[in-house]
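Enquirer: Here are the chains, one letter per residue:
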Amino acid sequence: MSAGISRGPTDSVPAYYPGCSLDGLGKAYEVTAQQVLHRLGLSLDRIVDYNCCGATEVKNLSQDVSVALPARNLALARSMGRHQVVAACNGCVYSLARANDAVREPATRGRINATLEEGGAPTYDGEASVQHVLEFIHARAGPERVRAAVRRPLTGLTVAPYYGCLYTRPKRYTGAGTTPGADDPEHPHFLDELLEACGAKVLTDFSAKTICCGGGHALSDLDVAVAFSASILNEARRAGADLVATICPLGQINIENHLDRIRAAYGEEVLRPVVYFTQLMSLAFGASVAEARFRDNFSRPDLFLRSRGFA
Amino acid sequence: MPIVEKSLVTVDRSERLEIEGIDVSGDWNTFLRSRVQTDLDVRIVDWIRSQPQGDTISRCWQCGTCTAGCCLHTDYGLSEFNPRYFIYLAQVGYEEELRKYATTIWRCVSCNKCVERCPKGVKVEEVIHTIGSYLEFTGGAPESPADRFDRAYTENLLRRGVLDEASLFRTYERMEGRTMPAGEMLKMGFQLFRSGRLRTGPLAHRTRGWRRFGNVLREKLKEDERCRRASLSAAGGTGGHSP
Amino acid sequence: MTIVAHLPQRALTLTEEESAAPPAMELTGRRRASPEERALSETIFAEFHADPRYHEFVLGCLNCGECTTGCPAARFYDFSPREMLQIAETGDATTLWDALQEKIWACCQCYTCNMRCRFGNDIAGIISVMRELSVSHGVASTRKTLAPFGRSLTLLMTVGTQVSSDMIQPDFFRDWGPFATGSDRAWGVGADIMRRAIPSDVLQTTRSSWEVSVQTSLELFRIYEETGVLDMLRGLDPDLTEMLIDIIEERREEFEEARERFRTELEGMSGPVATFRG
Amino acid sequence: MLSANEIRKVVQERNQHQKGTGKKVVDVREEMERLEAAGEIVIHRIRPENRPVEVSTLFGWKKRIPTDRLWHHKSCGQCGNIPGYPSSLLWLMNETGRTYLNEPHQTSCTAWNYHGTATSNPVALAAVAARNFHRAFETGHFPLIHCGTSYGDYKEMRKLLVENATVRAKVRDVLGKMGRELVLPEEIVHYSEWVHVMAPEILARQKHRVEGVVATVHEPCHYYKMVPEDAVYDESIYAGQRPAVPSGILMALGAKVADYSTWYDCCGFGFRHILSEREFSRSFANLRKIRPMVEEAHADVAITSDTGCVTTLDKSQWIGKAHGLPYMLPVLSDVQFAALTMGAHPYKIAQVHWHAASAEALMTKMGIDWKTAKAEFREYLQALKNGQAPELLHPAHGEIETFFAINKGQVLPDEAPAAPAGAGGRSR
Amino acid sequence: MNPILVLGAGPAGLSAAAEIAELGAPTILVEREAYLGGNPKRWHYSLLAPDLRPSDEILGPLIAKVEGNPRVQLHRSTTVTKAERLPKGFRITLKTGDALETQEVSAVVLATGFDHFDSRRKFEYGYGRYPDVLDFKELEGMIHDDRVLRPSDGKPPRRIAWILCVGSRDLQVGNPWCCRMGCAVSIKQAVEIRQKHPDIDAYVYYMDIRTYGLWEDLYWKSMQEYGVKFIRGRIGQVTLAEGGSQLLATGEDTILRRPTEVPFDMIVLASGMEPGTGTQEAAALFGVPVGPEGFLTPNLSDMNPVDSGLPGVFLAGAATGPKAIPDSVTEGMGAALRAYQYARN
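Chains as they are written, first to last, in this note's numbering: chain A, 1 to 311; chain B, 312 to 554; chain C, 555 to 832; chain D, 833 to 1260; chain E, 1261 to 1605.
Hints are computed from structural coordinates only; laboratory data are not their basis.
We treat Cβ as the ideally placed atom computed from N, Cα and C, and that holds for glycine.
Be a bit skeptical, because a hint or two may be false.
Unchecked claim - Pulled a few chain E residues facing chain C out of the computed Cβ check, cut under 8 angstroms:
#, residue
1, M1467
2, Q1497
3, T1514
4, P1519
Chain A on its own, in the form it takes in the complex (with noise of 0.2 angstroms):
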């Protein structure tokens, strides 16, 4: 386990893998990214027929079926001749680093091929290596060419950074903490150094960082959903944040799917708006309010960003 996950050799343009979230309700998300990837200079290939991944819901009904799944998107991204998957959702990067680690075992392989073949798919070779889109942003620009991208700096918002849990977890399928280009499986810290970077006062001890937010019972189980969600923000509204900046899609819709019942649970205080980090670096590179899409946002954090003076 310690040996960390083989990224094998980089692309210069890795596939992107959109998921089904930023297609969706996560919009916001994906066109700031690629505001950000643009102006940093960095570009991504689109997986065009890209299927859902399944994220951590369908291995309880079929192993197989979930390794399926996500390895067409990988098979996909080989037969474009790419070494490197990068996705900006955190379950699906479990999830296609989960089903690496599964074809590593030539049976498991060989079944999962097989499948693919009979469903008209390419097959998979097991050598397309996974990457967060943080990780790419910081592992390709990183915090020096962000600050050399500002145009108008984050200065007086302080932001709460929140990774969510499978960003980094489990280390077994991301390589957290033991492969080059990742992050610290404990302690993340690249969205820190970005958003600092970017000129906002991040609070790099946010005790919230990777606490789950229950969005794997965003609606099957509301008590524990709206409890971890509020405890995000209620952390968030201890250490002093103005608003809450996520990697996670998940994270970010569960958040909001529950603002009425967070408000009604633990009062309106406790509330803070909830953005893509892309959004906050978009802000910074020079995007209006509108452009950066925060009126996407439930917790509309345009109001909040106008009353700051942002526009």
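Given the structure of chain A, go ahead and fit chains B, C, D and E onto it with the hints provided.
Expert: Then chains B, C, D and E, alone, in the frame of chain A:
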């Protein structure tokens, strides 16, 4: 007679009973139920080990690292949710005790902190879900909300290859017998529509060439479930029955 | 890090009590100890560890569970002597307090655990120490637990026996069946006659187990006064205690009067009055 | 293979040298000698007139059991609701020509209450014990303890008084205030030990053969699990692996003593439970004791040697019917059983009618004509009702006492108004 | 140079004698029993933990080294009855049968080994009373002969339990020390049985698992590869189960926090190590101090565990405390070297 240690016992009693002309209803005839654990059933762990999601269960040595970090156990304070304990019960084969947690075990939020930290490489989260499946398959226990969600989710994605979130939301809420107030629904719908995010039903994304792949997976899914259940009855089951 | 537990219930600023409270209470709905109870639990904890018996009874534990093997209580109660020893050895004020609420009372005091223990711990003994503390501090749940013992405590304090035949009333012991009390049911005579049929005059009393001389009962009460038992009882049931004191006071007066009346007979005797003269 | 006693000796020796937590078991009697020499205590010695018999205990140490001139330390539970228990013992003493004292200047050991409600403390218990010890001493009779818990408690208290100077000082102070001094008996003697050593004399007077009787023995916990080194063991009984009493007397009388798997378990008395949590006592007694006794050992009778055990095992059985446990196995004390074999009147002496589980079938098996006895007893009761004076086993105690020993009307208040309910009464 | 006496022909003694001979000095190897190899030989140990190599593979070469070695004088079925200290070394009296023989030796290596705890002393387990309660040394023999059958009826067991720490870590029997081997050997036995008979379920009742150092691997593998189950908590008593054909093990599962009462077909007791029969005698003969546990005590156990502190008396193997075979062999070599140095100077 009062049972002072009410929370410490379970009882057998007849509410109405007369023996030899003496009314001995209720407390007078109450017997306490033994707490002694008498069964050990290796079939539970054998089955779990046979599942790809559960094959790491036997590595567990009960250190408790998983439970120590478990957000449900520690943060949420759901002390009966104890992954280490679930694994132990399955490992040793305390079926009856394990079954008591059928209504708790599905609440795992899949945050994977346990998997992350386990010093022996037990994929705790997956093992826990496999134990959950075992209980579901053998106990005839009612499907948990989490199971329903897993199914709704899988169904949804298998339709087009990508998720139709709004439809999933509607389907699942219907399954749970919940309806969102019309006003709220409209408000949300409007906001999504305005931002170009309301792409549901015919407007939803679709993966090209999905029909064939989706069908294969659907078959695979059915086959897999059939196999899992079959392997369970081949292992002799454990007195439970398939729902 | 118990973050969820920090969630306020509407109120945003944590009160002092909240921040001092044991975590995870709001969400699980467990009853949280009041500040008074917490203070009491700290006192009891301190006294428990200061008790000279503590270091004599609690030596160490391998967690082998052999004590539980033979424990009758463990078979039916959510209780184990091993757990009690663990609480004694490693518990804090809260865990000790929790144990005092119910668990200590599950113990049967049969000493099987002591006999089995491979470490030489006195587990039944340390449970007794816990019980004594909860009695002398009048812990609410203990008072409730011991509420049915008013009669036997009265008997114990006044004559030094604990159960008399008139306490075994068929209606209070229906589960013992029709013949458990040796009573009239089968023989057609009253309880007094049944007692008369016991071939020892000391045993023919219905109200105490055997006849106890007044002097003896006064001596016993003296012991209770001198050794703090009366104070313990006061913690448990102040009303009962006052009543017993009244009874004994009255009896002392009668005793003194009698001593006066029979002074002549007693003259020249030293030491205890009731001396054997057979 | 070492014998059980030899093993224990090895263990004892090794533990004495053990570093760390090894508890060295000291022979408290040696310490007593030292304390007496220092003028701290007086030892109530067993004298030749007590006609002692020697037996061996757990570590192979010797223990002398006095057999004559005894002071009966009664048991509150026995006297309260199984009076045939002490009666049989007194009768046995009369039959074997032993002298004794059965008098009202004693309290119970109060340990039932302590183990049940903890409304006491070791100093008080020690003082109560010492008061009774002294009373026995001043009568010149050696104390014989009727109850297993009293026996366990007195062993503990004697040890405490010997080992702990603070407690000793406190108790001496309290005793001093009532004109008494600190006296500790040379041996703490349980009545079943007396029965054990009296076996030859009992045997010589045996009237009823009991070869056909299968008996299961319940060993009272407080007899041997508290201060284990004082309990009597005999290499010829269970190879010295279990206490010799009360099994020894049954074997001697010729009964078949059958083993069962839960012999080591407690009876379920629980001190507190038997009064206020009988759900527990009855569950344990029926499921863990009576059922194995009947189903594994096919017992005709359960024999034990402690108040609480007879009570729990006997009285808990009737309600077993509610849960398919219709055993009604007679439960007797060793001394009742011995008295019956010697021809004691089953009702007048052994008072078997106080027991919930009928002993009639057992008595038939023993060849006792209980039907006649029963009719006699019925007549006797009527005679008592008509004012006839009761037949006593010994002179009425009034003759040995000053006038105010007894004052029946005022011993107890008529009712205890502050008490919430009767013992074991419903509190809701 | 007078020969060096080695007392005891278990792994430590054999190794010491072989080493002394190797160094070129004469040796007298004295063994109470008629065979060489000590406890491993006596009880027919099967495979040895942790590498699972047959015990004969380890003992065989050691025995071969001393047997037929002209420098090793072998005395089987022999005891030392007398030892007089000389200016250098001892004059010893050997007793074989009724024959007495006196020899002068320049130094002594005491390798008197250990005895397995006599499980009958743990009354509550019914060893000696119930035929299916075995001591693990007996199971060794059964595994060695591949006849793992219930002694009561000769049928193969379906479910076996191992009880660890029998006669170890227990003041009730006067042995508070850890035997060091019980965990590893029990687990090894469970693994061997599971290898050969996968249909037998193996349960180990434990308080702690002390497969220290690299032996941990055995413990891990036993779970992962062989499905041996570990239940935390000890068995407090063994009785016959209803019907009398099975054994009922009663204990507390300390993780479940509940009493358990489970029927087994066979129960194996991991009986601990106690000072060997010859240890007390050797201590008396040569004046070596004995510790509270009854084992011989080296003068400086942490600096030189093979020196008794007395001139010319050296110690090796389980005579000084519970020890594994490799450690005993190593100590045998160490003691041999020290004895040789002493004898030569």
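Enquirer: All hints, please: hold or fail.
Expert: Each hint tested on the structure:
Annotation: interface hint on M1467 (chain E) holds; nearest CB of chain C at approximately 5 angstroms, less than 8 angstroms. Interface restraint check for Q1497 (chain E): the shortest CB-CB distance to chain C comes to about 6 angstroms, inside 8 angstroms, so the restraint holds. The restraint placing T1514 (chain E) at the interface with chain C holds, with a minimum CB-CB distance near 5 angstroms, inside the 8 angstroms limit. Because the closest C-beta pair between P1519 (chain E) and chain C is about 5 angstroms apart, less than 8 angstroms, the hint holds.
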